Amino acid sequence: MGQREGAVGLTTHAPQAAQAVTLPTTLDEAVAALAAMPAAVPVAGGTDLMAAVNSGQLRPAALVGLGRISEIRGWQYQDGHALLGAGLTHARMGRPDFAALIPALAAAARAAGPPQIRNAGTLGGNIASAAPTGDALPVLAALEATLIIAGPDGARREVPVSHLLAGMEMLRAGELIGYVRVPLLHAPQVFLKATGRTGPGRATASVALVLDPARRGVRCAVGAIAPMPLRPLEAEQWVASLIDWDNGRAIVPEALHGFGEYVAAACIPDEAPAEDGTVPPLPPAVLHLRRTVAALARRALGRALS
Amino acid sequence: MSNDAATAEAEGTPETAAPVPEPIPHGLGASLPPADARAKTEGTFPYAADLWAEGLLWAAVLRSPHPHARIVSIDTTHAREMPGVRAVITHEDVPGAPLHGRGARADRPVFASEVVRHHGEPLAAVAADHPDTARMAAAAVIVEYEVLDPVTDPEQAFEAEPLHPDGNLIRHIPLRHGDPEAAGEIVVEGLYRIGRQDPAPIGAEAGLAVPRPDGGVELYLASTDPHGDRDIAAACYGLSPEQVKIVVTGVPGATADREDQGFQLPLGLLALKTGCPVKLTATREESFLGHTHRHPTLLRYRHHADAEGRVVKVEAQILLDAGAYADTSSDALAAAVAFACGPYVVPNAFIEGWAVRTNNPPSGHVRGEGAMQVCAAYEAQMDKIAKKLGLDPAEVRLRNVMATGDVLPTGQTVTCPAPVAELLQAVRDFPLPALPKDTPEDEWLLPGGPEGAGEPGAVRRGVGYGIGMVHMLGAEGADEVSTATVKVQDGVATVLCAAVETGQGFTTLARQIVQETLGVDEVHVAPVDTDQPPAGAGCRGRHTWVSGGAVERAAKMVRTQLLQPLAHQFGMSTELLQIADGKITSYDGVLSTTVAEALDGKELWATAQCRPHPTEPLDEAGQGDAFVGMAFCAIRAVVDVDIEIGSVRVVELAVAQDVGRVLNPAQLTARIEAGVTQGVGIALTENLRTPRGLVRHPDLTGYALPTALDTPDIRIVKLVEERDVVAPFGAKAVSAVPVVASPAAVASAVRAATGRPVNRLPIRPQAAVATGT
Chain A
1 MGQREGAVGL TTHAPQAAQA VTLPTTLDEA VAALAAMPAA VPVAGGTDLM AAVNSGQLRP
61 AALVGLGRIS EIRGWQYQDG HALLGAGLTH ARMGRPDFAA LIPALAAAAR AAGPPQIRNA
121 GTLGGNIASA APTGDALPVL AALEATLIIA GPDGARREVP VSHLLAGMEM LRAGELIGYV
181 RVPLLHAPQV FLKATGRTGP GRATASVALV LDPARRGVRC AVGAIAPMPL RPLEAEQWVA
241 SLIDWDNGRA IVPEALHGFG EYVAAACIPD EAPAEDGTVP PLPPAVLHLR RTVAALARRA
301 LGRALS
Chain G
1 MSNDAATAEA EGTPETAAPV PEPIPHGLGA SLPPADARAK TEGTFPYAAD LWAEGLLWAA
61 VLRSPHPHAR IVSIDTTHAR EMPGVRAVIT HEDVPGAPLH GRGARADRPV FASEVVRHHG
121 EPLAAVAADH PDTARMAAAA VIVEYEVLDP VTDPEQAFEA EPLHPDGNLI RHIPLRHGDP
181 EAAGEIVVEG LYRIGRQDPA PIGAEAGLAV PRPDGGVELY LASTDPHGDR DIAAACYGLS
241 PEQVKIVVTG VPGATADRED QGFQLPLGLL ALKTGCPVKL TATREESFLG HTHRHPTLLR
301 YRHHADAEGR VVKVEAQILL DAGAYADTSS DALAAAVAFA CGPYVVPNAF IEGWAVRTNN
361 PPSGHVRGEG AMQVCAAYEA QMDKIAKKLG LDPAEVRLRN VMATGDVLPT GQTVTCPAPV
421 AELLQAVRDF PLPALPKDTP EDEWLLPGGP EGAGEPGAVR RGVGYGIGMV HMLGAEGADE
481 VSTATVKVQD GVATVLCAAV ETGQGFTTLA RQIVQETLGV DEVHVAPVDT DQPPAGAGCR
541 GRHTWVSGGA VERAAKMVRT QLLQPLAHQF GMSTELLQIA DGKITSYDGV LSTTVAEALD
601 GKELWATAQC RPHPTEPLDE AGQGDAFVGM AFCAIRAVVD VDIEIGSVRV VELAVAQDVG
661 RVLNPAQLTA RIEAGVTQGV GIALTENLRT PRGLVRHPDL TGYALPTALD TPDIRIVKLV
721 EERDVVAPFG AKAVSAVPVV ASPAAVASAV RAATGRPVNR LPIRPQAAVA TGT
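Protein chains in written order, with this note's numbering: chain A, 1 to 306; chain G, 1 to 773.
Calculated directly from the structure, the hints in this document are not laboratory data. The model shown is predicted, which means the values in this text are computed figures rather than measured ones. C-beta: ideal position from N, C-alpha, C; glycine also. One or more of the hints may lead you astray.
Partner residues aside, some chain G positions facing chain A, computed with beta carbon under 8 Å [what the hints assert, rightly or not]: (1) 645; (2) 700; (3) 704.
Restraint-style ranges between C-beta atoms, simulated for each label pair [claimed, not checked]: (4) G:692 with A:269: 26 to 32 Å; (5) G:673 with A:274: 50 to 56 Å; (6) G:391 with A:252: 27 to 33 Å; (7) A:285 with G:189: 21 to 27 Å.
Could you put together the complete structure from these sequences and hints?
Now the structure itself:
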């Protein structure tokens, strides 16, 4: 996305010089604008970018504003999937009509911060910033969402969200996240977040959990505890086998507890045993984080199955 | 007073200001709105950051990235050569005293010269024609450091190499009171830690310095102590105090010494050097690095009590982390030691208090300093006594509370009203908030917030108490004095007083006092600068007392001047004449005239001073009448705790406070609510972390202030109006004591909900988990 390139353009004098701001109205125009000005930085809600500008870490030579691209500010249906525009704001995703479609993403959007942030911050921005605490990210990981990335000359390529977040694939220069394709699962989904306070705050740990009844699967992702969302795949498969899918998705309460512990231990493993075979205890703060993840995962599954 | 009456009083008074047809409230006891409320809400009120001068330059300050380092060299060549840079100054450019300090000791350099002692210490300053240029040039100053190991643990400061020529021990008070051999039937002990609260003033810190043709300089600052700041600035600039004038701009709220002299002092130096006006608006990061914080404190307590729960003896060790410089740490330590036992009768007390120097960011005045930290500890001890004896926590406190006439561990007799029992009973007997199961129709805000992870089944409710006390005005022989002038002309009164309006409501109070005394409705309060006589710093309730007292005296003198001719004419004393609603009437109704007629075009002036009774320093055994007056507050906290995740929501805080007299109900309510909320921040979220001396997350995302959702329902259950006869109007300061009591109350409630010891503030989630390991 070339965001860091802007930092090179720091000027020592005459900073009053007008900055070039382009406001394209289509995705292809935006991509073209980025190609024309390689030093330009794309900006959507600006909730991360402007904080970097204000703290002096970033001084973009030019900006490409994405706020007027109407094609990426809504969503549409596409063979069993929802095609979400990258410019969808958290406020929009939090509304009831969206919540009926993708409940976990709506819950994450509602929890994403105070109203000012939710009104400005976008889905695409959350992905591009890829902050460990990005609330949409564990949901997209659990949903196994796919990104549709717009490149020069109308090119489009698809990248699984987890590949981008894990750094297996990168956005190339001049590319923009256009859409996010999310499967419509028509089943309960839960997003839970622990913040350490009652008011809006960044997650200390979060859990997104979705049920996929067609494939009889449970998919879960843990956010905020690692640089990218973590998927406890074995725990997912184990618990999916314990759910009575044909009988109201019943499960024994012990399995809920077991799932919580399984997820927590998978995401926050014990330290490697010492030479004498003893396992060094985790520091108290890490133990608490593990306990929090266990409680969140247990609660999330319990709510999804209730 | 019954609970119903108490509720009516608490909830009824602020609302009386609301109905439209009511006449505009005036005089003492009315909810007069602040004169600048409209401008502040509409954004037209000029704060320091809004100032502008023709041809101004912008300043930037280079701050140390290390908590402790020896400065090998400072090279400003590159910075000076940058286009647009007009001046670069370092310690070599300070013409006057190289050291300054707010407290008794001047130990802080304007710019570090040989050693940096904390992260963020100023090293150089730049003036340039654009703020970015100035920052870039500051970054281009090349400083070669020899990084030293920082001393960040205050316990190690005693043994460590001296961090400063003055040594590492800033003050030690070994208080001894009573019989050291006394022993109780039970003993409870505890070790408590209080974190580093930042005053986090939301309004940007900013200043403008304008050079004067006579070689002096004018500083436009949001200073809370203009004369104190002027004297420091003049000494550092090598000028006489008359050559430096501080003009106080709008102060965007202050709960502490909100302004950082690290940028104030360089501003004036740069203006003098360049001959141009120089401005600086601090970024949030600079603000966190620059101004002083609340003292992080380590407290070790041992309480002896008899079988009925009466405290026999308190032994305590209190260690205040003063940070790199002394600032006002000596005052904070005196308050901590004197109030170490709280508002309880303790016949035998042995308190050792130390304030020590470390390489952490400097600590200073934040309201309730010293008293807040010890309150969290002694209230935890009271909970432990209750638990050990199987008694109700409120009952144990009631068996120990002090009253007027009791003696503090400092040997000072409490002569002011001390209705502590009444306060505690009021909050104890106030009905508890409904449980969610009793009000199923209401949405339940769970710990963790509306979109959080809270699960009703894991939530436990707890109730706890905190009783706080603070002293008012400066202590230990500080000369507390304020001067005010009142002028009346054409039926309009003007008050001139150098007491700064910091949000505490002084200007509104000054208007009310003059309205009450002179019967004039229209009262203006003049802006503050150092050409006026000193009024002292705006802290510890000083202005309500000394400046309010000075305004009252001046207004009374004007009243006498106004009435004397009339009284003489009618052959009666001035006491028999009344002024109300702009009319002067005699007791028998014979005389009736208006203030305007009585003035007859004259202009009346009077200037008066208020100086409360003197105090004395604490002696080498911590004994002495050190305080002018004290104020008390009892708070009952109700919390919900998610005992699996450890998230805490404060549901309700019920407050009963000793206020002396209610002078402005709406303002008083707002001050208590603000204080309580600041206390909730200390209890749950506010802690500026400084691992290895480096300030982490100096922004409002990393430093979590309470939001509306974190703030509980605040019920002002009772305001005890027992007048303090030595205070003007009998009124006590109200802002600081709720800050002192509320963190202790929240901790006490979390203790009740979880059964965990909760010995550290802010309360970390892992300390509020009641299951598992």
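Structure-based check of each hint:
no. : hint                         : verdict
1   : 645                          : holds (5 Å)
2   : 700                          : violated (11 Å)
3   : 704                          : holds (6 Å)
4   : G:692 with A:269: 26 to 32 Å : holds (28 Å)
5   : G:673 with A:274: 50 to 56 Å : holds (54 Å)
6   : G:391 with A:252: 27 to 33 Å : violated (44 Å)
7   : A:285 with G:189: 21 to 27 Å : holds (25 Å)
Comparing the model with each numbered hint stated earlier shows that hints 2, 6 do not hold.
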